Amino acid sequence: MMKSFVIFLVVAILAFTSVNVNVAAECPKICTLIYSPVCGQDATGRTTTFGSMCQYEAHNCNNPTRGWRILKTGECPDILI
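If you use mature numbering (1 follows the signal peptide of the UniProt record, and there is no 0), the sequence shown corresponds to residues -24 to -1, 1 to 57, in order.
Honestly, the hints are just simulated from the structure, not real lab data.
Predicted model, so just to flag it, every value in this text is computed and none were measured.
There could be a bad hint or two in this list.
Unchecked claim - Calculated cross-link-like contacts (lysine to aspartate or glutamate; reagent style DMTMM-like; alpha-carbon spacing at most 25 angstroms):
id, residue 1, residue 2
1, Lys5, Glu33
2, Lys48, Glu33
3, Lys5, Asp54
4, Lys48, Asp18
5, Lys5, Asp18
Unchecked claim - Simulated restraints, written as ranges between beta carbons of each label pair:
id, residue 1, residue 2, range
6, Pro53, Ser28, 40 to 50 angstroms
7, Leu47, Met(-23), 47 to 57 angstroms
8, Ile10, Arg42, 17 to 27 angstroms
9, Gly43, Ser12, 15 to 25 angstroms
10, Pro4, Ile55, 41 to 51 angstroms
Where is the CB? At the ideal position from N, CA and C, for every residue including glycine.
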């Protein structure tokens, strides 16, 4: 019984680890330092200026549940409250 549990646990850990590695391998890891800003907005309406399209794509890939989209090229406008 204990041996079966240990085998199950090892298989589950390996499966979980391999899934995360495959997803992370598809996301951009290195972006150039060339500043070419884009303004993005998430599903809640929050806006953020990303330094480049590559940085936007990397952020969106690593945070898929946030639902980011590009609003415009250039910096997001400052919102004063």
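Hints versus structure:
1. Lys5 / Glu33: 10 angstroms, holds
2. Lys48 / Glu33: 14 angstroms, holds
3. Lys5 / Asp54: Not satisfied, since the Cα-Cα distance of roughly 28 angstroms exceeds 25 angstroms.
4. Lys48 / Asp18: Roughly 13 angstroms separates the two Cα atoms, so the pair holds.
5. Lys5 / Asp18: 21 angstroms, holds
6. Pro53 / Ser28: 40 to 50 angstroms: 19 angstroms, violated
7. Leu47 / Met(-23): 47 to 57 angstroms: 56 angstroms, holds
8. Ile10 / Arg42: 17 to 27 angstroms: 24 angstroms, holds
9. Gly43 / Ser12: 15 to 25 angstroms: Holds - the Cβ-Cβ distance for Gly43 and Ser12, about 23 angstroms, lies within 15 to 25 angstroms.
10. Pro4 / Ile55: 41 to 51 angstroms: With Cβ atoms ~28 angstroms apart, the hint is violated.
Comparing the model with each earlier hint shows violations of hints 3, 6, 10; every other hint is respected.
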